[in-house]
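Starting from the known structure of chain A, arrange chain B on it as the hints suggest.
Going line by line, the protein sequences match chains A and B. Residue numbers 7 to 245, in my numbering, belong to the letters of the first sequence in order. Residue numbers 16 to 68, in my numbering, belong to the letters of the second sequence in order.
Watch out, some of these pointers could steer you wrong.
Stretch-level coverage of chain B by chain A, calculated; a stretch enters the list once three of its residues show a Cβ under 8 Å from a Cβ in chain A [said to hold, decoys possible]:
#: 1; region: 25-32
#: 2; region: 35-45
#: 3; region: 56-64
Just so you know, the hints here were simulated from the structure itself, not pulled from any lab data. Beta carbons are placed, not taken as given, at the ideal position from N, Cα and C, and that holds for glycine.
As a plain string of letters, each chain reads:
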Amino acid sequence: MSIFELANPKRFMQVSAVFLPWIAAAAAVTLAAGLVLGFAVPPDYQQGTTVRIMFLHVPAAWTAMMAYGLMAVASAIGLINRHPLADVAAKAAAPLGAVFTALGLVTGSLWGKPMWGAWWVWDGRLTSFLLLLFLYLGYIALGGAIEDENRSARACAILAIVGAVNLPIIEFSVDWWTTLHQGESILRKGGPLIAPVFLWPLFLMALGYTLLFFALWLVRIRTEIVNRRARTLTMARAT
Amino acid sequence: MSEFLSQGGYGFYVWSSFAVSAAAVGFMIAFTLCAWRKAKRALAALQDSETNF
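Same shape as in the complex, but just chain A (with noise of 0.2 Å):
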């Protein structure tokens, strides 16, 4: 079965409803097992107990960025396909994206402040992933603002598509400026920089939330398949 068998609304209802309880299951399980991992680690030898912030803040921005990487291939596939599909996946994702940013920006607030003496810093990696946050704002507003739909999904679909710029200059900010933020210590050359003890917690953590993205994901996909059924059925009714 190829992924655009799944393109047909009627399937993806069928197909995503068999998977769904089991992603919500295995998040529910992972995000447990992280936290119950997180808990128990000794505190770290410079950062003390505020280590622990990491499992939440490192899960949380990466799955910020996953969403956005994924909204813009769900957005660039609307375009040129023209799916009707993809672009309701594209509008899914990105109010929870912008919570997962959100997440981000706060608990690295929490933790700059007892680490670095200061809740934010106009830096290259801080600023970017503020940047993040108006993007996926922006999207959603841009959304809500355009009335047809059509036009409203390939004016998202742009936006979307044009913000990706910024997932390379979040990830690779940390090496181009000089910044207070730590540099690329898990998926680096050479292997992480963390401790065994660290890796798990943060590991299950980000498992976690990704499986809870996914899962929400796929219930706001349905949610709006459900919406424009009845849309259309109103539609019929009234003419």
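Just chain B now, kept in the frame of chain A:
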């Protein structure tokens, strides 16, 4: 217990992070499920009224 709560003196930052994260995750789940139920109800009402003409 109080040692666990104080988190080595960083209690405010650690617990705030967890509280904010739990609230945001709870909000996302509640909001998403609410919208889903509302959509299902609206569609069901439409379909009902169609067959009850």
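Broken hints, numbered, in rising order?
-> none
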